[in-house]
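There are 4 protein chains.
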Amino acid sequence: MNVSFLQELLNTVAEQGRQLLPRVLRSSDPADGVVELARALMSGRGEASGVALARQILDYYRVLEPDARRAFFRFLAEDLQPDPTQVAVAAEAYLQSKGESELARLQAAVDSPRHEFFRRLNLAPGATAEIVNMRRDLLRQPQSDAALGAVDTDLMKLLQSWFNRGFLVLRRIDWQTPAAILEKIIAYEAVHEIQGWDDLRRRLDPDDRRCFAFFHPALIDEPLIFVEVALMREPPQAISAVLQEERKAGAPVPDPVVAVFYSISNCQEGLKGISFGNFLIKQVVEELAKEKPSLKTFVTLSPIPHFARWLDRAEAAARTLPESEHDALVLLDDPGWQERPEEHQELKKALTKLAAHYFVNVKSPDGRPVDPVARFHLGNGARLERINWLGDASEKGLREAHGLMVNYRYEISEIERNHEAFANDGTVVVSRAVRALVKGVRAVPAEPEQALLPPPPSGNAQEPAAESDAA
Amino acid sequence: MNVSFLQELLNTVAEQGRQLLPRVLRSSDPADGVVELARALMSGRGEASGVALARQILDYYRVLEPDARRAFFRFLAEDLQPDPTQVAVAAEAYLQSKGESELARLQAAVDSPRHEFFRRLNLAPGATAEIVNMRRDLLRQPQSDAALGAVDTDLMKLLQSWFNRGFLVLRRIDWQTPAAILEKIIAYEAVHEIQGWDDLRRRLDPDDRRCFAFFHPALIDEPLIFVEVALMREPPQAISAVLQEERKAGAPVPDPVVAVFYSISNCQEGLKGISFGNFLIKQVVEELAKEKPSLKTFVTLSPIPHFARWLDRAEAAARTLPESEHDALVLLDDPGWQERPEEHQELKKALTKLAAHYFVNVKSPDGRPVDPVARFHLGNGARLERINWLGDASEKGLREAHGLMVNYRYEISEIERNHEAFANDGTVVVSRAVRALVKGVRAVPAEPEQALLPPPPSGNAQEPAAESDAA
Amino acid sequence: MNVSFLQELLNTVAEQGRQLLPRVLRSSDPADGVVELARALMSGRGEASGVALARQILDYYRVLEPDARRAFFRFLAEDLQPDPTQVAVAAEAYLQSKGESELARLQAAVDSPRHEFFRRLNLAPGATAEIVNMRRDLLRQPQSDAALGAVDTDLMKLLQSWFNRGFLVLRRIDWQTPAAILEKIIAYEAVHEIQGWDDLRRRLDPDDRRCFAFFHPALIDEPLIFVEVALMREPPQAISAVLQEERKAGAPVPDPVVAVFYSISNCQEGLKGISFGNFLIKQVVEELAKEKPSLKTFVTLSPIPHFARWLDRAEAAARTLPESEHDALVLLDDPGWQERPEEHQELKKALTKLAAHYFVNVKSPDGRPVDPVARFHLGNGARLERINWLGDASEKGLREAHGLMVNYRYEISEIERNHEAFANDGTVVVSRAVRALVKGVRAVPAEPEQALLPPPPSGNAQEPAAESDAA
Amino acid sequence: MNVSFLQELLNTVAEQGRQLLPRVLRSSDPADGVVELARALMSGRGEASGVALARQILDYYRVLEPDARRAFFRFLAEDLQPDPTQVAVAAEAYLQSKGESELARLQAAVDSPRHEFFRRLNLAPGATAEIVNMRRDLLRQPQSDAALGAVDTDLMKLLQSWFNRGFLVLRRIDWQTPAAILEKIIAYEAVHEIQGWDDLRRRLDPDDRRCFAFFHPALIDEPLIFVEVALMREPPQAISAVLQEERKAGAPVPDPVVAVFYSISNCQEGLKGISFGNFLIKQVVEELAKEKPSLKTFVTLSPIPHFARWLDRAEAAARTLPESEHDALVLLDDPGWQERPEEHQELKKALTKLAAHYFVNVKSPDGRPVDPVARFHLGNGARLERINWLGDASEKGLREAHGLMVNYRYEISEIERNHEAFANDGTVVVSRAVRALVKGVRAVPAEPEQALLPPPPSGNAQEPAAESDAA
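One line per chain: the protein sequences are D, L, E and A, in this order. Quick note: the first sequence uses our numbering, first residue 1, plus one each step. Quick note: the second sequence uses our numbering, first residue 1, plus one each step. Quick note: the third sequence uses our numbering, first residue 1, plus one each step. Quick note: the fourth sequence uses our numbering, first residue 1, plus one each step.
In isolation and in its complexed conformation, chain D is listed as follows (with noise of 0.2 Å):
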């Protein structure tokens, strides 16, 4: 296609009306043509006929092969970037005085074109959520792509700026919730997958259970993050006092005192490294405390994704435990172990020290614990409140965490000075009994845990993508 033409196109258009440029430019390759639109978008021309422009790429865009839709991703890394030239001189001006106004033109000259670029992408109608969805095929991009990085840069950017927290809405998930989003929340959960819509029900409609959201007032019938929440008289200790089937649905805790996340989902790939979680647990205990004053206590049920992982490096288990402790893990060989209770006295012993250990002084190079849920909960001001024996026996639970699971416990009066110590030193507070089993391991020399990290997010406390599913 050469560019003539398209001008041509689009003269023909402007005279037509906005209502007829998706018919017309529909005609020509959408592989080249959202290059070239994009291109229009960043001229002169875009500001007449912006709305169009921008729907026009969107739905090419959509519409592209993998290939293609490389193709445009290099577009916007190699095409929309600052002038170097510019860039220079302003860099040489700046250095020869400092001033006010030489910074702004510093400013302005580093500025990517690529901000600009989404702005007005987002002029379209519904161009949000697509923008998103454009963020999550960046990301699955291969990472060996390095000039892709600078676009993800600048986009996570603009996203974290239109996600701001000042914009999310609360809104609470229940049966009367349009089957639009409850499909969504089916998808999306991520923790202890929902089996179907009996199961969903069972999540939403019971009196004492909740489920929150955050929304974004573009992302029509899109959560971007949800938590599940079961009142009860005290915090369970395994999941299934949570998720089973035959729960007396006519009886009503009356005046529960529990409030219990057990289950948080993030829900939009393209928004990854932009953080909800902290936001959504504090303001779902504050509407809880106020709709239920009889609620007293906050706390998670909570996985251990990496526990297994770790505890199988042999040698980190062995130099930690008294070799007679030590020798009862061999019964996690045994298929079927977590059936014979009457075996199981030694084992539960060892593994939890074994976890306690792991939260407490396993670190990654970063000086923060390995497990990603737990950075999550205590970088929130959280405190390790108990370790469950047997909280999670399904196949994943056995999987991940040898069955364990672990409370976290938020307490108001306690969050900001806990996660003043996590914050500055890494410290890890725990409860008392949590600090007993820790005291029955053998002290052994911090060591980074780097095989299994993730490589450490940059910023502040991340939740995972879901609280199970960290990696």
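These aren't lab readings, by the way, just hints derived from the structure by calculation. Misleading hints may appear alongside valid ones.
Remember, identical chains collapse to one label, so a pair may be satisfied in a single copy or spanning two.
[Claimed, not checked] DMTMM-like cross-link-like pairs, simulated, lysine to aspartate or glutamate; straight-line CA separation at most 25 Å:
no.	residue 1	residue 2
1	349	334
2	184	59
3	290	59
4	98	79
5	98	152
6	98	78
7	98	145
8	272	100
9	98	111
10	184	137
11	184	205
12	98	83
13	157	102
14	272	130
No experiment lies behind these values; they were computed from the predicted model shown.
Start from chain D and add chains L, E and A according to the hints.
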């Protein structure tokens, strides 16, 4: 107030829960407190208690005395700016290698900490509206203070990102609209003042009247910009045809063919320079065309706010018109001339010619017309359709434009072409009738009309605060 | 118009679809047409085209001249009544055997065809509001026309069924309410006139003001009844304490203990005799108690609309008070007496005693107080709490009750007992203070106060159209 | 339970406030309590505490055992009926003079106290739905109990008044509808069973599918009746064309010309006999015609629920067809015949002729067709358009109608004429094609088909509970 006292307070606060923060801190002096808290918000503390800190900063800010407010802005200007050393280092590194990662580091170094500050401030519920008002206060500071300009640049950039057209919602304003919004329409109308609720109702409720506004989801009850429309049989020559009180309300126009945009007002001083009017007009055209297929013509009935001021400079007119015609202008010095139609013939001829000349030939140094309303509509791609003799005989209409008004016409098939012509070389597209008027004017070398002009806006076509109030 | 012409028209109509009906039939004369169409609606045709016929009848009805309207009501009265022969046959059959099926047949025979007529009329969208207005017109017909009474009986019975309390919706009215509803609040307020939108806002918007209304889902934008409430520290003695303009809006009552119902107005003349006030007050008490647990006392501040008229009949007062006290009343003939507090002492004593007597001892032939507002609140189970000297010094307040007002108190634990006492033997429950006043009055044999009374309402406690306007 | 105990309880209650009533009274036995409270509701007490009493009656009612429930209905039947003495007196007075006021008195005397009872019961929030369910329970009582018939008559009359079409709201049901309503659509669909949420979504969500329901404002989340519609290029001959799973969801019909009503289901057993279907279909036709102007034809695809039962009676068919054709019917005894198209030719000819005859000539004693679905659509003014061979090859379709289905067509210009013809003399309006089929059938004297029929409904065209489930 010394820091350690605040420190202590905040520790107490953290131990007693967010809800106590405001009361405890209220005892301190807002003028100091606001700055201390701003520092805290930018520190690690901001991560755990950001929402509470942000809320308190805004509460303090609201009650600041003018001096304290200015001190706060100075703090933002001086303390929250990029670190010059780091900028210098990054600039030098960039000049050495001009690589991807050097560019990234330079971008990070020049990025203003104020962006992060305002983003964190926006954590508090309802903060967005207060940040917009903060910018309004900032714009009202004396211009002399150059350092504050950088604060405004940062803030405006952020607001531009947040108030991206993709996030705006078009809503019809009518008699079903909550009173809380309607009273703002009364307050913000800046072109033809609304004389109370009865007048408002006459503009919103009848079958042949429309009003539309853009809203942002984070600014409840706050229109950003609105336009008032009359559906008519033909383009009106005078505003009285639109606003007269005695209109037979009982007789709606059955199949209106002309939609008249007779008033456009911006509402938020704090969003000055962020342009919504272009998008608003175009989306309203679309909405109306869908709702009433009989509508074929979309025109404005607009004021010419600077015409009389321009004409005052005698020499301009003198050189333009033949002396005989020019003499007719003396009638303007006669109070009440507008009510003596029998004397109008010569004056009308002279004034309309001069107005045509004023629009087409008189340019500011940036090569575009001096009239702000003309700049706005022509920049949007409208054409100058008609000059209306005694279009507005109100005191204001006579004072600003000797009673003249104009129709700008939005012809969908021409919008892009007109816009390009105007943007590229300042060409003012006019109807044949206006062209004929211009021909009657003696050609004089176009001369920049500097004295009259507001400083040329940096970006694209910007609408005035209201059509009538652009200086 | 002859029938066959209409017949033909309707046939044409049926062939061309509902949407054409209005235009075609509009050419006929509404006065004849409305009756012809009413007959058609009651025939088999009504089943297939009921919606269109009903719509057209209502459209015709709206433009009927007074005479034609009356003729239409006469048609309903005379043509749409039970067939006397069938009633006679069914009555005789019943008298013979008094069986189930004879009763059923008699019930069917006496059932008024007007019920079916109005039910079919209600098929048209929006018809309910128009039927309510039809009853308003009917009530305005001269009373002499006895035959129309039966039409009203039928219509009222139907409306009573449709406007059953179970279908009403309580909505708070505030500054977020659409203007279309607010302007009706202004129009319908009948106790203390609302002086435009500013006054309205003072009653709705402040933190310590509430307004609630009942709505029916089929009457969009039309409140049925509303009550205005002030939240205060103590029961007010004068309406000026509630309505004064200069109230410090900035200083809301932090923990109000008294909710004052200072105005209740019915809105729909066409629903006269269908009582909503009792339900409204009780539900608002519940709502407020839930919203503000600090509220402990619920009182009205009410007018005494008939007191001055009663007192005018000199002999009543003469026989009641000692002569010395009675003489104080001459001050009332002195214009401006209310502004000379130094002269009030004796008058105050005399008037409040007389008012207490008026409430407690003066009865109409049905054994209940003569004052309509008193009948309403006492019938609801309230007690008479206090008589307020110069509670309303407005021209109206002076004219109706020499400035007196009263507080009725709704004490939840007494409501049923008070109601029973009042309903069974007309006992007026009063506070100790009022009882003391009554003791100061010479006992005279209670004598029915016939001349003053409106015809006794047939049913239970009915509120007046508004508290102030009950005759 | 003796009365004075309840009396005491209620007094206590009255003194302690409404909110205590439920707990206090719960100690008594519901079976006795419900009757005592019903008496109280009808007494003066009902005026002061009606809402609380009504709530308690409904709470008791819900937990009644079958026997107690029946006893409650008997109480309504026996204790809440007109006073025979008063009726007799009024009847005699009427027979004497037949005047206005005698008629009024007679109407009052025969008016069933049950009307007032149910109206007062409806005072409680949410009562309407419970009263509808009360009627469902009543309809399930053994028919033998004749006295209960009068209760049903009263209740149905009241519900007919409350559920007047003017109060119903049409709402589109789609994938944005709350799950609480959607699960009811699944439950209530009675024509073509919905196989879970995926199937539901296929019927609601695609661009060429619609579903509409009537709701009543007092019955939250409870559809009264709904219709499912497919937008197609031509009228379908078989239900599989509408419901097949593999429909290409991606390819919506661009300009559909036919709207197919393929399923209509009533939802509330307690509203049996109150007809909504006629209004629903006609309003949906209007809505669709407005939304999609390309739609020209409105047809159903309907079952013939009684055809096979009618045909079973051998002699009917025997006398109608020539012997040669009749013989083809033996194939029906062959399991799996429907899957052998090569053998269908004769059978198809015979069955479609018989079906045409069944619709046009076979009448019940009231002179209308025996098939309930036919009675419904023909009574609405539709015409019988086409008989579809193997329109429904499901087990149910084969069992009920040997796989036949029909299209009824709603032609706006014919509706009233068709309805009149059908209502006046049972004329079944058919298309030319069906007429041709009928001609091929030997004329036999129409003979009432009594045995098959449900008791003829008292009123007008009533739809079956669902199209498929009419007996």
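(message) For residue 98 and residue 79, with the copy left unspecified, which applies at a CA distance of at most 25 Å: within, between, both, or neither?
(response) Between. Shortest inter-copy distance 16 Å satisfies the 25 Å Cα cut-off; intra-copy 29 Å does not.
(message) With identical chains, the pair residue 272 and residue 130 could be close in the same copy or across copies; at 25 Å between alpha carbons, which is it: within, between, both, or neither?
(response) This pair counts as within: shortest intra-copy Cα distance 15 Å, inter-copy 29 Å.
(request) Evaluate residue 157 and residue 102 at a C-alpha cut-off of 25 Å and name the case that applies: within, between, both or neither. (result) both (24 Å within a copy, 18 Å between copies)
(request) Evaluate residue 98 and residue 111 at a C-alpha cut-off of 25 Å and name the case that applies: within, between, both or neither. (result) both (18 Å within a copy, 15 Å between copies)
(request) Using 25 Å as the alpha carbon limit, work out where residue 98 and residue 83 are close: within a copy, between copies, both or neither. (result) both (21 Å within a copy, 11 Å between copies)
(request) At 25 Å max between alpha carbons, let me know whether residue 290 reaches residue 59 within a copy, between copies, both or neither. (result) between (45 Å within a copy, 23 Å between copies)
(message) Reference check for the pair residue 349 and residue 334, CA-CA at most 25 Å: within, between, both, or neither?
(response) within (17 Å within a copy, 71 Å between copies)
(message) Treating 25 Å as the Cα threshold, decide for residue 98 and residue 78: within, between, both or neither.
(response) Between copies only: 14 Å across chains, 30 Å inside a chain, cut-off 25 Å.
(request) Check residue 184 against residue 205 for me: Cα-Cα at most 25 Å, and say if that holds within a copy, between copies, both or neither. (result) Both: 16 Å inside a chain and 15 Å across chains, each within 25 Å.
(message) One pair to classify: residue 272 and residue 100, alpha carbons no more than 25 Å apart. Within, between, both, or neither?
(response) Classified as between; 22 Å across copies, 35 Å inside a copy.
(message) As a check of your reading, is residue 184 near residue 137 (CA-CA no more than 25 Å) within one copy, between copies, both or neither?
(response) within (19 Å within a copy, 39 Å between copies)
(message) I want to check one pair: residue 184 and residue 59. Are their C-alpha atoms no more than 25 Å apart within a copy, between two copies, both, or neither?
(response) within (23 Å within a copy, 37 Å between copies)
In the structure shown, no violation is registered for any of the earlier numbered hints.
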